[in-house]
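Since the structure of chain L is provided, determine the placement of chain Y on it from the hints.
These protein sequence lines are chains L and Y, in that order.
Converting from the first sequence to the working numbering requires adding 390 to each position, the first position being numbered 1.
Converting from the second sequence to the working numbering requires adding 21 to each position, the first position being numbered 1.
If you are wondering where the hints come from, they were derived from the structure by calculation, not from laboratory data.
Note that this is a predicted model, so its numbers are computed, not measured.
Each residue gets a CB set at the ideal place from its N, CA and C atoms; glycine is no exception.
Any given hint might turn out to be false.
Unchecked claim - Using C-beta positions, here's what the derived DEER-type ranges look like:
1) Y:N114 - L:R418: 26 to 34 Å
2) Y:I31 - L:K426: 19 to 27 Å
3) Y:F29 - L:S429: 15 to 23 Å
4) L:A457 - Y:S186: 19 to 27 Å
5) Y:Y122 - L:E458: 45 to 53 Å
6) L:K463 - Y:S186: 56 to 64 Å
Unchecked claim - Output of the computed footprint for chain Y on chain L, the stretches with three or more beta carbons under 8 Å from beta carbons of chain Y:
7) 395–406
8) 418–429
Said to hold, decoys possible - With a straight-line cut-off of 20 Å between C-alpha atoms, the simulated PhoX-like cross-links for lysine-lysine are:
9) L:K463 - L:K499
10) L:K393 - Y:K24
11) L:K633 - L:K645
12) L:K638 - L:K598
13) L:K393 - Y:K28
14) L:K529 - L:K561
15) L:K487 - L:K633
16) Y:K184 - L:K396
17) L:K598 - L:K633
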Amino acid sequence: MGKILKLAVIGFAAIILIFLLHYFGWSRPAENLVIKSLSSIQRAGQNLNHGVGDFYNSWIKKRDLLAENNDLKNQLEKSLVGQSKINALDDENVLLKKELDFTKTSNVKFAAAQIISGLSDNISRSVMINIGAKNGVVKGLAVVSDNGVMIGKISEVYDDFSKVLLLTDNKSKVAATIQNSDRTVGLIEGQFGLSFSMTNIPQDQDVKSGDLIVTSGLEGQIPKNLLIAQVENVSGAQSEIFKTATLKPIISFDKLSDVLVIIP
Amino acid sequence: MAKFLRKFLICFLLAAILLIVQTSLIGKSFFFSGFNFILAGLVVLIAAFTYEDALLYLIFAGALMDSYSLLPFGVFTLSLFFSSLFLELLLLNFFTNRSLYSLLGLGFSGVLLYNIFFASLVWLGYVSGLNDFSPDGRFWLSVLWQVIVVPVVLAFGFIFINKFSRHFKPIFVK
Chain L
391 MGKILKLAVI
401 GFAAIILIFL
411 LHYFGWSRPA
421 ENLVIKSLSS
431 IQRAGQNLNH
441 GVGDFYNSWI
451 KKRDLLAENN
461 DLKNQLEKSL
471 VGQSKINALD
481 DENVLLKKEL
491 DFTKTSNVKF
501 AAAQIISGLS
511 DNISRSVMIN
521 IGAKNGVVKG
531 LAVVSDNGVM
541 IGKISEVYDD
551 FSKVLLLTDN
561 KSKVAATIQN
571 SDRTVGLIEG
581 QFGLSFSMTN
591 IPQDQDVKSG
601 DLIVTSGLEG
611 QIPKNLLIAQ
621 VENVSGAQSE
631 IFKTATLKPI
641 ISFDKLSDVL
651 VIIP
Chain Y
22 MAKFLRKFLI
32 CFLLAAILLI
42 VQTSLIGKSF
52 FFSGFNFILA
62 GLVVLIAAFT
72 YEDALLYLIF
82 AGALMDSYSL
92 LPFGVFTLSL
102 FFSSLFLELL
112 LLNFFTNRSL
122 YSLLGLGFSG
132 VLLYNIFFAS
142 LVWLGYVSGL
152 NDFSPDGRFW
162 LSVLWQVIVV
172 PVVLAFGFIF
182 INKFSRHFKP
192 IFVK
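Same shape as in the complex, but just chain L (with noise of 0.2 Å):
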């Protein structure tokens, strides 16, 4: 205990020692030697220290990099869903437009609706759009595209939706008239979802291929004049009475997507 004492003594007065030699300025040049000599090593120490932090910093941004690489990823997927739904709506509006110009040069009204469905099955060749009775739809209304070609009847009517029967249907029956001289008059049947044709068209009655079919007027709910389709070819023995047209739609059943129902 006494050794440790006297040699607390000694390092105490050594160390007041060094405190007066600093506080003088005597110690400046040993400290500056010291310091000098160890700068080299603390530097390569720092060098060190930055290296390792710098490579676990790049660790950790690539980490993050690679998370944010899939966020973005992620967001341009939405962005493209978004994008394809945009371009949706883009074609929708210059649908909108047409129907738009159609409607404003046409003297009915029109209910705007859209198909909500497709075709419900193999044998029945019809649609569901989206609006019903609360839209002053009742059924036998004639349903035209876009540009005003019909393309099928209001079938059922319910609140909020209303089914459509395709002319191609076989169960479908439209009157109708043959732009040509003779203003043929005529019906239009649906031929097992395929197409449509008209029949008992009176042998002297001149149909050719090319000529345009319209509705005729005589139901009631149908208004006069809208394009159904175009004569195809004519069929039928001159030993028989009437003849057949094998009618071509004008637009095609499958790319429906916006329609109107035109309301007396």
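Okay, now just chain Y, sitting in the frame of chain L:
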């Protein structure tokens, strides 16, 4: 004389190396503020070697730290010195064998003593207008962190020294 010079040189080198490690190699974040290698070195020297070695070491280490610090010159040296005295007394009267728990106990005591002395001296300097730094909440938080980290460092030091020397073999201090 040669032996003293050799001891002188070794203590100086040890102090310099630990200073470089503490000030340059490890980071400056709060996490690294607990790694007081200078103090750990002092505790190991007190526990495993003689007080004379520890005294030489602390004078060099303290002077170097004071040279690099903006605090009043002598704060680090005096803090180490007073801590060493108390640690030596603890070793002689309480932690009388050179076991791991003695080392850890000395380490724990050393951290507390060192920081108490350091805070007191700094506060005196602050009151005297010699420095602007006064121990605040963050300082005491770092002390708490040191209390955890320094014993861990000492444990590693114990294993290392025990493997390569006989200084920590379980004998009683005379």
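Hint check results:
1. Y:N114 - L:R418: 26 to 34 Å: At roughly 41 Å between Cβ atoms, L:R418 and Y:N114 fall outside 26 to 34 Å, so the hint is violated.
2. Y:I31 - L:K426: 19 to 27 Å: holds, 21 Å
3. Y:F29 - L:S429: 15 to 23 Å: Because 22 Å falls inside the window, the suggested range holds.
4. L:A457 - Y:S186: 19 to 27 Å: violated, 49 Å
5. Y:Y122 - L:E458: 45 to 53 Å: holds, 50 Å
6. L:K463 - Y:S186: 56 to 64 Å: Holds, at about 58 Å.
7. 395–406: holds (count 7)
8. 418–429: holds (count 4)
9. L:K463 - L:K499: violated, 48 Å
10. L:K393 - Y:K24: OK: L:K393 and Y:K24 at ~19 Å, within 20 Å.
11. L:K633 - L:K645: violated, 31 Å
12. L:K638 - L:K598: holds, 13 Å
13. L:K393 - Y:K28: holds, 18 Å
14. L:K529 - L:K561: holds, 14 Å
15. L:K487 - L:K633: violated, 40 Å
16. Y:K184 - L:K396: The given pair, whose Cα atoms are some 33 Å apart, is violated under the 20 Å limit.
17. L:K598 - L:K633: holds, 12 Å
Hint check: violations occur at hints 1, 4, 9, 11, 15 and 16; the rest are consistent with the structure.
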